[in-house]
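Trainee: Sequence:
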Amino acid sequence: MEVDQEFHDKVAALCLKRFETLPKSGKPKMNEWTVLSGVVLEFEGNLSVVALGTGSKCIGKTKLSPRGDILNDSHAEIICRRSLLRFLLDRMKNGAAFLHFSNSSKKYSVSEGVRFHFFTTHVPCGDASIFLKEDVEDFGEILGSCIKDVSDEYEVPRKIAKVGEESDIFRTGAKCLEQDERQDLKGAGCGYHVLGAIRTKPGRGDPTLSISCSDKLSRWCHLGVQGALLSLLLERPIYFSTFTIAAKMPFSKDTLERALYDRVGSVKLKHPYTQQKLIVGQAVLPFDLAKDAAKRPSDCSISWCDVKERSLEIAVEGKRQGVTKKNLNAPSARLKICKLELFRSFMEVCELRHINFSRNCDIKTFNYKEVKELAADYNECWELLKESFKVWTNKDVNLLHFSIK
Numbered sequence: 001m002e003v004d005q006e007f008h009d010k011v012a013a014l015c016l017k018r019f020e021t022l023p024k025s026g027k028p029k030m031n032e033w034t035v036l037s038g039v040v041l042e043f044e045g046n047l048s049v050v051a052l053g054t055g056s057k058c059i060g061k062t063k064l065s066p067r068g069d070i071l072n073d074s075h076a077e078i079i080c081r082r083s084l085l086r087f088l089l090d091r092m093k094n095g096a097a098f099l100h101f102s103n104s105s106k107k108y109s110v111s112e113g114v115r116f117h118f119f120t121t122h123v124p125c126g127d128a129s130i131f132l133k134e135d136v137e138d139f140g141e142i143l144g145s146c147i148k149d150v151s152d153e154y155e156v157p158r159k160i161a162k163v164g165e166e167s168d169i170f171r172t173g174a175k176c177l178e179q180d181e182r183q184d185l186k187g188a189g190c191g192y193h194v195l196g197a198i199r200t201k202p203g204r205g206d207p208t209l210s211i212s213c214s215d216k217l218s219r220w221c222h223l224g225v226q227g228a229l230l231s232l233l234l235e236r237p238i239y240f241s242t243f244t245i246a247a248k249m250p251f252s253k254d255t256l257e258r259a260l261y262d263r264v265g266s267v268k269l270k271h272p273y274t275q276q277k278l279i280v281g282q283a284v285l286p287f288d289l290a291k292d293a294a295k296r297p298s299d300c301s302i303s304w305c306d307v308k309e310r311s312l313e314i315a316v317e318g319k320r321q322g323v324t325k326k327n328l329n330a331p332s333a334r335l336k337i338c339k340l341e342l343f344r345s346f347m348e349v350c351e352l353r354h355i356n357f358s359r360n361c362d363i364k365t366f367n368y369k370e371v372k373e374l375a376a377d378y379n380e381c382w383e384l385l386k387e388s389f390k391v392w393t394n395k396d397v398n399l400l401h402f403s404i405k
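Under UniProt numbering, the sequence shown has 386 at position 386, and the numbering climbs by one with no breaks.
The reader is advised that the hints may include incorrect statements.
Cut-off 25 Å, straight-line C-alpha distance, at most; resulting in silico cross-link-like pairs (BS3-like, lysine-lysine) [claimed, not checked]:
#, residue 1, residue 2
1, Lys-253, Lys-268
2, Lys-10, Lys-277
3, Lys-270, Lys-390
4, Lys-248, Lys-10
5, Lys-326, Lys-405
6, Lys-395, Lys-63
7, Lys-308, Lys-248
8, Lys-308, Lys-24
9, Lys-325, Lys-405
10, Lys-253, Lys-386
11, Lys-364, Lys-405
12, Lys-29, Lys-248
13, Lys-386, Lys-277
14, Lys-395, Lys-369
15, Lys-405, Lys-369
16, Lys-291, Lys-270
17, Lys-29, Lys-295
18, Lys-405, Lys-372
19, Lys-372, Lys-386
20, Lys-372, Lys-93
21, Lys-61, Lys-325
22, Lys-268, Lys-386
23, Lys-29, Lys-17
Here are the simulated distance ranges between beta carbons [stated by the list, open to error]:
#, residue 1, residue 2, range
24, Lys-270, Phe-101, 22 to 32 Å
25, His-271, Lys-29, 27 to 37 Å
26, Glu-2, Pro-66, 22 to 32 Å
27, Pro-272, Glu-44, 21 to 31 Å
28, Lys-326, Val-3, 43 to 53 Å
Quick caveat, the hints were computed from the structure, so don't treat them as lab data.
Quantities reported herein were computed from a predicted structural model and do not represent experimental measurements.
Beta carbons: idealized from backbone N, C-alpha and C, even for Gly.
Let the hints inform the model, and build the full structure from the sequences given.
Mentor: Dropping the structure here:
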C-alpha cells in the first residue's frame, strides 16, 4: 500500500471536520484542552469516518466495577477504539456492504481492499512519547529519534544515548510497572526515562491500572483492534493500516515504531495473527483544542460512531455525563462502549446468527470472562506477545465475571 502526504492530510481533514460537526456538549471549554482520535474506513475507494474519541483521563483502581458498567480508560485512543468496536457490532447486526457472513464458518469476513486508518492529535502516552527534544520550529515535522533500535534479544537500553551535554527528552507521566526490573532512572536530561518498558497511565491520588496507549497500540498492531470477543466473530483480525498525527505536535517516527513493534522483536504468532507495521505520517492540519500548558485537561470524553441509535455519548469518570449519584449504577448511567454493553451487543449478534461456540452449553449462560476464554487462538497469541513484553498488568478476574441478564 502506497500512502503519500496528501493521504495523511485527507485522513486528518475528515476526522477534524467530523469532530467540528458534533455539538458543543463535551468539548473543551475556553480554558481546557483534549486529545482527539479517529478511525477512517476505506472501502471501494471511499474514505469515511466511522469512530471518534476524545479524552485524557482514567479512573483509579478503587473505582473499578465488577459489573462491567464503567469505562476504566478514557484516553482518546481507547474511547475511539471502543467506539469502533461498537460500530463493527452494529454493522454485524444490521448489515454492511464491507462485511460478509458465512453460514458454514459462522464468522464475518471483511471485503478485500477494506482498510482502517488511525488518526490522533497527540503522540500516544507511554513509550512512544519518550524522544529527543528539538526546537519548537521543528514541531510541524516528524522528528528523528535520538535512540537506537531494540536488539533482536529484546535488550532494552537503560537510558537514551546523549546527543550532547544539553540534550533533553520529552517525558511521559506513565509509570513503569512495579514488578518490572526496568525502572526510570530519573536522571538529568536524556537519562530520565528507561526505554521499552510497559507503563500504566498516571493518576492523581488513586493510581490507575490502565496500561499506556503506546502499549495498547502495540498490542493492536499484533493481535488486531477487534479484541478477544470480536475475534470469535471474524475470520481474520482487523489491523490499522496507517497512523496519522496532527500538525504542530512533537513527534518521532522512529520512536513510535520502536514502541509499537521494534521492542517486541520478531515474535512468531499463529496465523492469521501477525505483526502489522503501520505507515506513519504527520498531517499539515493542526488540532485547535490540543494540549496547552496554560490550560487544564477537559474532564469530559466524547464517544462517537457511525450508528443510528445514540451515536454520540459524553462521559465523565467512566459514566454518562449528567447522571446523578442516586442513579450511578442504573442502566441509564452506562455508556454504550462499556464492557457490559459491548458484551450485550456481541450476544445479540450471536443470537441473530445462531452462533454457539460450545456444543455442551448455551452461550447465553456464559459470563464475560468465560466467553473471552473461548477465543483460543487469540489468547494463545496474546500469551506469546506478553512473553515478549516481559511484564503486563494482571487483571482482577473478579471484575470479569459479569453476565447479560
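Trainee: Does Lys-325 sit within 25 Å of Lys-61, going by the straight-line distance between their CA atoms?
Mentor: Cα-Cα ~19 Å, so holds.
Trainee: Would you mind confirming whether the straight-line C-alpha gap from Lys-270 to Lys-390 stays at or under 25 Å?
Mentor: 19 Å, holds
Trainee: Need the status of pair Lys-253, Lys-268: alpha-carbon distance at most 25 Å?
Mentor: Holds: Lys-253 and Lys-268 sit about 24 Å apart, inside 25 Å.
Trainee: Take the C-alpha atoms of Lys-29 and Lys-295, compute the straight-line distance between them, and say whether it is at most 25 Å.
Mentor: Roughly 10 Å between the alpha carbons, so the hint for Lys-29 and Lys-295 holds.
Trainee: Is the hinted pair Lys-372 and Lys-386 satisfied, with a Cα-Cα distance of at most 25 Å?
Mentor: Holds, at roughly 17 Å.
Trainee: Taking only the CA atoms, is the gap from Lys-248 to Lys-10 under or equal to 25 Å?
Mentor: Given that 25 Å is the threshold and the Cα spacing comes to 17 Å, the pair holds.
Trainee: For the pair supplied as a hint, Lys-308 and Lys-24, confirm whether the alpha-carbon distance does not exceed 25 Å.
Mentor: Judged against 25 Å, a Cα distance of about 20 Å means the pair holds.
Trainee: Range first: 27 to 37 Å. Now tell me if the beta carbons of His-271 and Lys-29 are that far apart.
Mentor: Taking Cβ atoms as reference, His-271 and Lys-29 lie about 49 Å apart, which means the hint is violated.
Trainee: Does the structure keep Lys-291 and Lys-270 at a Cα separation of 25 Å or less?
Mentor: 40 Å, violated
Trainee: So if I understand the rule, the pair passes when the alpha-carbon distance is 25 Å or less; does Lys-253 with Lys-386 pass?
Mentor: Holds: Lys-253 and Lys-386 sit about 24 Å apart, inside 25 Å.
Trainee: Does Lys-277 lie within 25 Å of Lys-10 when you go C-alpha to C-alpha?
Mentor: Status holds; Cα separation ~21 Å.
Trainee: Check whether the Cα positions of Lys-308 and Lys-248 lie no farther apart than 25 Å.
Mentor: 34 Å, violated
The structure is inconsistent with the numbered hints 7, 16, 25 and 26, although it conforms to all the rest.
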